[in-house]
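Peer 1: Spelled out from the first residue to the last, the chains are:
Protein chains: 6
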Amino acid sequence: MKLKLGIPKGSLEGITVKLFKKAGFNIAISPRNYFPSIDDREIVAVLFRAQEMSRYVESGIIDCGITGRDWVLENNSKVVKVAELVYAKQSMRPVRWVLAVPNTSSIKKIKDLKNKKVATELVNVTKSFFKKKGIKADVEFSWGATEAKTRMGIDAIVEVTETGASLRANGLRIIDTICESTTQFIANKKIWQNPQKRKKIEKIVLLLKGAILAEQKVGLKMNVAKKNLDKVLKILPAMKKPTISALSEKGWFDIDTIIDEEVVREIIPRLKKAGAQGIIEYPLNKVIY
Amino acid sequence: MKLKLGIPKGSLEGITVKLFKKAGFNIAISPRNYFPSIDDREIVAVLFRAQEMSRYVESGIIDCGITGRDWVLENNSKVVKVAELVYAKQSMRPVRWVLAVPNTSSIKKIKDLKNKKVATELVNVTKSFFKKKGIKADVEFSWGATEAKTRMGIDAIVEVTETGASLRANGLRIIDTICESTTQFIANKKIWQNPQKRKKIEKIVLLLKGAILAEQKVGLKMNVAKKNLDKVLKILPAMKKPTISALSEKGWFDIDTIIDEEVVREIIPRLKKAGAQGIIEYPLNKVIY
Amino acid sequence: MKLKLGIPKGSLEGITVKLFKKAGFNIAISPRNYFPSIDDREIVAVLFRAQEMSRYVESGIIDCGITGRDWVLENNSKVVKVAELVYAKQSMRPVRWVLAVPNTSSIKKIKDLKNKKVATELVNVTKSFFKKKGIKADVEFSWGATEAKTRMGIDAIVEVTETGASLRANGLRIIDTICESTTQFIANKKIWQNPQKRKKIEKIVLLLKGAILAEQKVGLKMNVAKKNLDKVLKILPAMKKPTISALSEKGWFDIDTIIDEEVVREIIPRLKKAGAQGIIEYPLNKVIY
Amino acid sequence: MKLKLGIPKGSLEGITVKLFKKAGFNIAISPRNYFPSIDDREIVAVLFRAQEMSRYVESGIIDCGITGRDWVLENNSKVVKVAELVYAKQSMRPVRWVLAVPNTSSIKKIKDLKNKKVATELVNVTKSFFKKKGIKADVEFSWGATEAKTRMGIDAIVEVTETGASLRANGLRIIDTICESTTQFIANKKIWQNPQKRKKIEKIVLLLKGAILAEQKVGLKMNVAKKNLDKVLKILPAMKKPTISALSEKGWFDIDTIIDEEVVREIIPRLKKAGAQGIIEYPLNKVIY
Amino acid sequence: MKLKLGIPKGSLEGITVKLFKKAGFNIAISPRNYFPSIDDREIVAVLFRAQEMSRYVESGIIDCGITGRDWVLENNSKVVKVAELVYAKQSMRPVRWVLAVPNTSSIKKIKDLKNKKVATELVNVTKSFFKKKGIKADVEFSWGATEAKTRMGIDAIVEVTETGASLRANGLRIIDTICESTTQFIANKKIWQNPQKRKKIEKIVLLLKGAILAEQKVGLKMNVAKKNLDKVLKILPAMKKPTISALSEKGWFDIDTIIDEEVVREIIPRLKKAGAQGIIEYPLNKVIY
Amino acid sequence: MKLKLGIPKGSLEGITVKLFKKAGFNIAISPRNYFPSIDDREIVAVLFRAQEMSRYVESGIIDCGITGRDWVLENNSKVVKVAELVYAKQSMRPVRWVLAVPNTSSIKKIKDLKNKKVATELVNVTKSFFKKKGIKADVEFSWGATEAKTRMGIDAIVEVTETGASLRANGLRIIDTICESTTQFIANKKIWQNPQKRKKIEKIVLLLKGAILAEQKVGLKMNVAKKNLDKVLKILPAMKKPTISALSEKGWFDIDTIIDEEVVREIIPRLKKAGAQGIIEYPLNKVIY
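Residue numbers (this note's numbering), protein chains in the order written: chain S, 52 to 340; chain A, 52 to 340; chain L, 52 to 340; chain H, 52 to 340; chain X, 52 to 340; chain E, 52 to 340.
The set of hints was computed from the structure by calculation and includes no laboratory data. Source: prediction; values computed, not measured. A few of these clues could be false.
For chains that are exact copies, the list does not tell them apart, and a pair is met inside one copy or across any two.
What the hints assert, rightly or not - Below 16 Å or equal to it, Euclidean Cα-Cα: the simulated EDC-like pairs (lysine to aspartate or glutamate) are:
1. Lys292 to Asp311
2. Lys72 to Glu313
3. Lys159 to Asp206
4. Lys323 to Glu253
5. Lys72 to Glu266
6. Lys254 to Glu93
7. Lys241 to Glu109
8. Lys73 to Glu266
9. Lys72 to Asp311
10. Lys323 to Glu213
11. Lys53 to Glu93
12. Lys254 to Glu317
13. Lys277 to Asp206
14. Lys73 to Glu317
Kindly produce the complete structure, drawing on both the sequences and the hints.
Peer 2: Encoded structure:
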């Protein structure tokens, strides 16, 4: 029996296909076709919106899928959370659903929203947020364009954001965070008990994680004289033992390691100063610890 | 006080802007801005999804707007239906919400759907359709991709279609029509009692109708000798009295009229045979009867 | 029985669809589908390359089609030439197949091509051209890129051109014209004897000709005082009797006529000088004499 | 001798080519070629930047050209201003060069700019503006990006604008207008004395003006009963005598006129109310009074 | 003397240029120019259609070129087959020319095609296929659009396909394979005897093969403790000896190897289970054994 | 205090952003925003034209920036030249400003330009070039389109070129080189004395150079038997000591080195002949010696 895998249609679609490619699976999506081809005979893929993915995983229409933690919560779905895959449309960071009001609004805190109108696509999560805070607000469903609505009589909105930049650009002020969300790989509870399907899911997740990690890492190689070896090794982050090999030229070593791309620009000048020579940085496809 | 006018974001957006342009109003939509500029100082425009337009008109957030009859029904909104504007994304015809099943399904009639799963974006209208028919079906909300769902365990879908072509291309068979829908210009009930705003709305609607009609009509002019005049006039549809002027050349007349573009290709050969000469067809911007 | 109509795939495709639209027939071509939809229930359309259209019309696979005179000659097809439709990819003029050599070649006249290599896609027409001239040249089939071949050892090429500009830009010199070609509407000989199909073909051709003519004409209207009437009328080309109507203001007339777009820019200054006032030019969809 | 005509490269380029097309001249610009083809054997066209057009017209390198009044002033060129052609990149209105400062600047009036830094592309005009006002400011040349410079230590900028919108969007406040500018057709002084070239220039200008006017006008036709004739005629603007013809149906008239597109949406409802029937609006290519 | 090299214009063009780039040669193709630039002074490149490449290689117009085995057969060209380069437009697999009929056809086997019409671009190969099978079919040349022809009276077609998907999508059933074809590097027979040119060709082919291989391989590196070394090495495919280096940390080794990209997703989970740590996968430009 | 860094707007913009990315800095430019975001909290970036960059660095409006040597000379700016970054729009080579005349011009040498008109955007550098040569030419500012001007009465032009190809394509002959120019990283003189800012600048430059070098290099790895080691090592360029490690298989070594991409295609065949096996080439992100 093939594994029925849900791919999120919409904002996560492109980046998800790219990650599967790096992980070793070629997914091809044709316009107006909801069944992408995938070059693994044990998998059948289907496109669903992130918003409803967890409902279909829960009811067993599909075995597993990729969606956001936000929509699992919204649908209150009983599913197995197999793994967090920290990636979003624009960056490798979690997204936030935030409560925002116009810059010019007199609303400063959550309690100012008592009896006020709040528009959002994430109605259930927002309602329970206000319930927990003990504030009675009028939360209603809104199909996007929420910013616009604050100028038309809606008091506050709850919107998803990666950096907050587009909210600020729309003249909105964030007053609280409703929930954080990362991308998740979820599975149906029964399917997870099926050893063969579970093993297949674990393989896919292992490779996806390897591909995500490789987006954030680079390889770094350099030549170091014996006398500088300790100094240089101290600068390298301790994440993974670097490979140190003796060069044919006596007293010299080759160091080969993997580091976070983010720190490279800080570390290279320091490595050079510490005596590293012929430093090269090279790209990676997968990193699996 | 300016008239607050809702423009439907999404599939009707482009064609709506084009019609307003023909009607004499330039609307400019910037990406990521929900307040299009419009070159009429008495109007402020805002973009809302067709799905929620009637809710905002009903609650008075906006004074009037353009949406589909389907969504007015779905939201069960109490609004004034000012005019039917028969246009859709691809054509100048109404759209239909149809009940469809896979070609290979054993379901043939509505009653076969008893206790079956039906996925649709138009949940309320679909539910009351089944209620009226006395059939108990399990109707659930679905974010698009409905065709795909029929291959994943959903028994039937209710989808919108202009020609049925894309449903057929997806291997689906239509078994009934849930509702027909045209584009409507709707207004808030209180606003409709405001004479100034009502007058403004009526002006806009008059011009929009003129622009829609002009899409379907062309001007036709020809020279006819006196002896052929009756024969030629009999061929011309009776929609509007043609303008007949005597030419300076004695015994000749010029006929100038407006006819449906659809019939031109049938009529021109007949006019020619009946003695019309120098037939020309010219385009129109507006037609107002 | 529907009329089977061949639409030329390739360079004439876009302009042909546009002309049918102006003529009143909407043809919609989907990528990778050779059967365009057409909004006339009496016609079924199919896409064939211009090169083979006449073969399929001759053998009766289709009833009629649009192609170039060049390919009818090349295939030596026995078909009915219903009408010349003077349009090409870039302009409303005939195209020419010309014999060309590199600028630097010593070949000046046709007879210099004795025993030389000539590459062309129009092999048969070229061969009979040389035969008529009594010159023995080695004519071989070439799949495009003919210009390139003159730099690789081919002595001359026979290529199609609208203006000669791209040949010149490729450093080639035209030494003779092999044949002129216009677009033609051709029909199968038997089908042409079928009164109903013939009538349908004649209708289509009448409307296509009306659309082509309208591309080259504009409407011109102006007010003229009685004393200037003769002067003004003398300037207007005699193609069609202008419509002259008396204005309500005594002594003034309105002239309404159709003229070639090409001459408008010469005529308007002269009309103005001759006393015409309020001259307006308007666009046309069809012109049928 | 051909007329050497300068076409403005850059922001006016597209709209200029479009106007010439409407005027009856087909100009084809190839990428990286400064000599556009034009289908008039008496003209040779060349592309120059608007900024330097008047210098080349003055020195006789070209006979005439199209540029902005602003650059004629900046270059202080001695040329003949043949005609104002009121069109710009986005609209049919003049543009303004305005003096602007950041919203947050303490500068309120021109005199606050004493000894301050002003960046602009229009250096000479700006300098003489300050001179006339008796204020000593430090005006320096800037290659665009002027808004950015106000955030980097430049006190004020002088920039061109059609509506002021992009300045406002960049957080700038307009404090004065340096000069207004429209598009102009200019000619070399000697060439203007040459009767043949002058006549050619006048012809071109007549047709360009006809095309510009047609952008702003539409044709309007309607049927009116005798008793309503006066009422209807009073509503129509007096720009041009409407053509009134008696219809074959007794007591009815056809009115055909030209009016500003801008007023159509106001006038049509009034015409209808006054008894006009079968009102149609049609597009125009040229309008020449 | 420069090496004259034919690059296939059309479906193989883009992928060929990309492979040469990976192989170390930058080819730049300008639109409408048949002589691409190449950054190797010993080569001159020319674009020919794959269909006629072998004819020009055979006659010596070019020294060598890239084309499909299919067209070498069709032209029956006497050329040297230097190397198979297994790549096609969409994949790194051979293509097939297949005999296909409509799903609804009564034709099931080749012998059912006796006296039937078969349309194809590969006329000669198809004719000899039928000859070998002892079946007399009427094979005629067709310019593409072959699928369409089966609906217009042609009984079968012979078309090229990579996966068969587009034939199935067009409602066709494959009944046999006429020939398989891979991309080939071919050379002129005389040129192949010229030691200098042959050496140059062999260099190019060596690098192209290195680039093709690199498309299918990736580098894989990992750390392994001594006790797991054998287990891990057994999992790695035996294609090439992995590089094993002792790490500075005693008892640990670094393994660096090259494996097929296709098997990575199967092998990584097994390597991890066998004790490999810090597994990284990196991309390759060339692989030469 | 943040480092104010000027990014060159225009032809160098795209390639500069790409290099910063490879160097480890993500710069995001929004349309119509002159302040790109950069993911380094110690830097604020601003877009200026290369033409005026050095003026703003000199006056201290920004601390440092990237521009061409040509514009530093033209503006005669007193700035610190921190580093040469040899990259241009199309290639990794310097550009040249050349003096060119039409092919058909009688001007052959610089001295023929006495009293002639020379148009250029690089007025000051050109003037001092002629001064040094002792030739009096009339040098005037020109806004691009210089080639066109040579056909309108300008005798010569001074234009920038990477390969000379576009000048030749425009029918121009190069008669001398005015100056060579490479991209430079320049800094304000005072800022350069500030130790913290200088250190920051040096870090950025180190990484940029690493990224530029990596564009021109690739990694090369191979297995070599002991007996072939010397032969193979002699073939490898001496730029950097290769890393040689003993393989676990006795008598075999792994060589890992960095070489110029340009020489790879020459070296690989020689390495193979010399006994290297399993040669792989891999891409690099940064190379820092």
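Peer 1: Give a verdict on every hint.
Peer 2: Do the hints match the structure? See the list:
1. Lys292 to Asp311: within (14 Å within a copy, 27 Å between copies)
2. Lys72 to Glu313: between (23 Å within a copy, 11 Å between copies)
3. Lys159 to Asp206: Within one copy only: 12 Å inside a chain, 36 Å across chains, cut-off 16 Å.
4. Lys323 to Glu253: So Lys323 and Glu253 pass the 16 Å test across copies only (12 Å; inside, 41 Å).
5. Lys72 to Glu266: The answer is both: 13 Å in one copy and 14 Å across copies each meet 16 Å.
6. Lys254 to Glu93: within (12 Å within a copy, 42 Å between copies)
7. Lys241 to Glu109: For Lys241 and Glu109, the Cα distance is within 16 Å only inside one copy (9 Å; across copies 46 Å).
8. Lys73 to Glu266: So Lys73 and Glu266 pass the 16 Å test inside a copy (9 Å) and across (14 Å) alike.
9. Lys72 to Asp311: between (21 Å within a copy, 15 Å between copies)
10. Lys323 to Glu213: neither (36 Å within a copy, 34 Å between copies)
11. Lys53 to Glu93: within (5 Å within a copy, 48 Å between copies)
12. Lys254 to Glu317: between (35 Å within a copy, 8 Å between copies)
13. Lys277 to Asp206: neither (67 Å within a copy, 58 Å between copies)
14. Lys73 to Glu317: Close across copies (14 Å), not inside one copy (27 Å); limit 16 Å.
Checked against the numbered hints listed earlier, the structure breaks hints 10, 13; every other hint is satisfied.
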